[in-house]
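Peer 1: Okay, here's what each chain looks like letter by letter:
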Amino acid sequence: MKRETDYGHPIKSVYTPKDIENFDYERDLGDPGSYPYTRGYYPEGYRSRIWTQRMTAGLGSSKQTNEVLKRYREMGQRGGMLVICDRTNAMPIDVDHPIGRREAGVLGWPGASLLEFEELMEDIPLTGQSITLLGSCAMSSIRLAYVVALAEKRGVNLNEVHGSVTEYPFCNTFGQTDAQPLDLNLKLWLDSSEYIVRNKIHMRSGILSQHFQESGGNNAQALAVEMAMLKELCSLLVNERGLDFDDVAFLPYELVSVGSRFFEEIAKIRALRRMWAKMAKETFKAKKEKSCQLLISVHTSGRTMTYQQPLNNIARCAIQTLAGSIAGCTAIDNACLDNAHAEPSPLAARMSLNTQHIVADETGVTDVADPLAGSYFVEYLTNKVEEEAYKIWSKIEDQGGIIAAVQKGYIQNMLRESAQEKHREVERGDRLIVGVNELVIPPEEDYQIPIQELKAGDSEGIARRMEEWKKTRNMPLVKAKMAELYSDAKKEERYNLMPSIIEAVKAYATAGEIIGVIRKARGLNYDPLEMIDCPFDFI
Amino acid sequence: MGKREKIKVLISVIGLDGHFTGAEVVCRILMDAGMEVVYLGINQTPEMIVQAAIQEDVDVIGISSHASNYGMIVDLLGLLRKNHLDDISVICGGTIPKHQMQELKKKGVSEVFPPQSTSESIVNYILSRC
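Chains as they are written, first to last, in the working numbering: chain A, 1 to 539; chain B, 1001 to 1130.
Please keep in mind that the hints were generated in silico from the structure rather than gathered at the bench. Since we're looking at a predicted model, the values are computed, not measured. Just to be clear, a hint being listed does not mean it is correct.
[Said to hold, decoys possible] Listed below are the simulated DSSO-like cross-link pairs for lysine-lysine, each with C-alpha atoms no more than 30 Å apart in a straight line:
#	chain 1	residue 1	chain 2	residue 2
1	A	Lys455	B	Lys1106
2	A	Lys278	A	Lys288
3	B	Lys1082	A	Lys455
4	A	Lys63	B	Lys1098
5	A	Lys422	A	Lys395
6	A	Lys422	A	Lys2
7	A	Lys290	A	Lys384
8	A	Lys18	A	Lys391
9	B	Lys1106	B	Lys1006
10	A	Lys470	A	Lys490
11	A	Lys281	A	Lys384
12	A	Lys490	A	Lys471
13	A	Lys384	A	Lys278
14	A	Lys506	A	Lys153
15	B	Lys1106	B	Lys1008
16	A	Lys455	B	Lys1105
17	B	Lys1098	A	Lys455
18	A	Lys455	B	Lys1107
19	A	Lys506	A	Lys470
20	A	Lys200	A	Lys285
21	A	Lys422	B	Lys1098
22	A	Lys63	A	Lys384
23	B	Lys1008	A	Lys408
24	A	Lys422	A	Lys391
25	A	Lys422	B	Lys1082
26	A	Lys422	B	Lys1008
27	A	Lys18	A	Lys384
28	A	Lys200	A	Lys490
29	A	Lys290	A	Lys278
30	A	Lys455	A	Lys63
Build out the structure end to end from the sequences listed, making use of the hints.
Peer 2: Here it is, written out as structure tokens:
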């Protein structure tokens, strides 16, 4: 068995003060609540605020997902809701698209129109909990428009809504794909981000290393890629969109993937807080202390959940949840015991939420802020992962920054190599996984778990509903709003499309229509899959 | 051993599934085992896969699946039959629940490799079919 960090650094049998010889408490850690925030943002740790305990929802129709959200509340979901969008929505194409209708509601919520969002949120307040919708970048502006439109419809003050519905423009590279080109994703991300910042909306934008790491990246790479993304995206908002960094700093949040390498995961999160704080102060000259505090959420690692002996995943999930909570985070959503089989069954969801409550309420982890600070090993690992990440980040900068590195395929190659290496490590027995290459049992002796999945007819049902509903819309209004959007999308690149997207969403234009018309204005095919024609005759 | 010295395998993700890591890892495994690999990537329809299989004259088609787009895999099987390409073995891999594994095999998928399948098991299976 390899005794190395997941990024290949050898681990010794014991750590002593010599391993952190130049350690300076004030400079490297500071008290919880003090710069550089290695120890977290709150002097009182979780005593001031317990992390948001949430669980990913999204499967089948909007009404079904709404039911699941209500059930999660009863199961102990606290502080926020989290919904993941389906595959059609990731593209985005409409659910009545010839391919879309095969996969509507698969692996997520089919949020292709404001109607779907209204159904998703039925009897669920927009305020009082964080509203998080995960999905691809291209769909982000439309999700933001849903929130703006529904708040207006319900007479809710938009500034009282918080959460995150927008995502960074590189998901395509990290294994969470949409069908849009990078320049369009980047433009839409900048538009939605600028809109959020200028209107002082309390919605964050996910700039996530989670996808990268879940697709096979290691801890040091994930940190480096995260910092490179944060630097370049924040710079664009400051330099190209003319925003103040102290306003921009409230926008990003990071979803960290936390696997089972317990101490390394904790070190990674502590290092990330320190790296962001330093960049905010030194590179961006932050004036506000708050700007030095990057919001960090934890997703326990779906990739580590095994197909074999799925009940073992309960133990993995508990270890990872403990790591995430010790590291200090704002929210946790857990992978489930059935992660390698299907969508979370009610049993698996309950187990995951229970795991969070067991960790929070039974272990004492919430009593003390950053309890592992000062451990020779953990401080060493925190320094080491930071050092390695700076090296990788500097190579990304040598490529011309993250956008250039993605365009050159540099990041993709790094990820591919790392994923291959992780596979080889398991094959060689360098890394042991119980039930996979250790203590293996024959498949016929394996436990049966409940499987939650969608039937083929369910997708078709969702598609038919949209087909019928589309005809009942006020079509002259839809067309007028789409014509405005088309004309705006032909304007200069920095012309913000959010206002016209919001108007289109309010008129119940669909995601496929909105992105399709923007694509047309940019000289692209209406349908990213080139199967259907633009339904509007004004183009 | 079949028609030629080097076995040719087409690897693809099907439908709107965007999870490509597994497919890419398998491509590398097969290439390391001396096979020729045609990788189509994501957003491929059954029609596109069959067309590529004909053009490239492959021996085996491998579909990487991340939970629930089995309908399209079944469509692919039908389309292969329609084009008299039944001699091409279709194998699948990924997060496929056990009962779906059985269903897919009944419908003509020759083997299903769940997560954490060994490189050896995949390579040996393909060798046995060609």
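Peer 1: For every hint, state whether the structure bears it out.
Peer 2: Here is what the structure says about each hint:
no.	hint	in the structure
1	A:Lys455 to B:Lys1106	18 Å, holds
2	A:Lys278 to A:Lys288	13 Å, holds
3	B:Lys1082 to A:Lys455	25 Å, holds
4	A:Lys63 to B:Lys1098	28 Å, holds
5	A:Lys422 to A:Lys395	22 Å, holds
6	A:Lys422 to A:Lys2	12 Å, holds
7	A:Lys290 to A:Lys384	26 Å, holds
8	A:Lys18 to A:Lys391	23 Å, holds
9	B:Lys1106 to B:Lys1006	29 Å, holds
10	A:Lys470 to A:Lys490	26 Å, holds
11	A:Lys281 to A:Lys384	22 Å, holds
12	A:Lys490 to A:Lys471	28 Å, holds
13	A:Lys384 to A:Lys278	16 Å, holds
14	A:Lys506 to A:Lys153	9 Å, holds
15	B:Lys1106 to B:Lys1008	25 Å, holds
16	A:Lys455 to B:Lys1105	18 Å, holds
17	B:Lys1098 to A:Lys455	15 Å, holds
18	A:Lys455 to B:Lys1107	17 Å, holds
19	A:Lys506 to A:Lys470	14 Å, holds
20	A:Lys200 to A:Lys285	21 Å, holds
21	A:Lys422 to B:Lys1098	25 Å, holds
22	A:Lys63 to A:Lys384	47 Å, violated
23	B:Lys1008 to A:Lys408	29 Å, holds
24	A:Lys422 to A:Lys391	21 Å, holds
25	A:Lys422 to B:Lys1082	40 Å, violated
26	A:Lys422 to B:Lys1008	26 Å, holds
27	A:Lys18 to A:Lys384	14 Å, holds
28	A:Lys200 to A:Lys490	27 Å, holds
29	A:Lys290 to A:Lys278	13 Å, holds
30	A:Lys455 to A:Lys63	16 Å, holds
Checked against the numbered hints listed earlier, the structure breaks hints 22 and 25; every other hint is satisfied.
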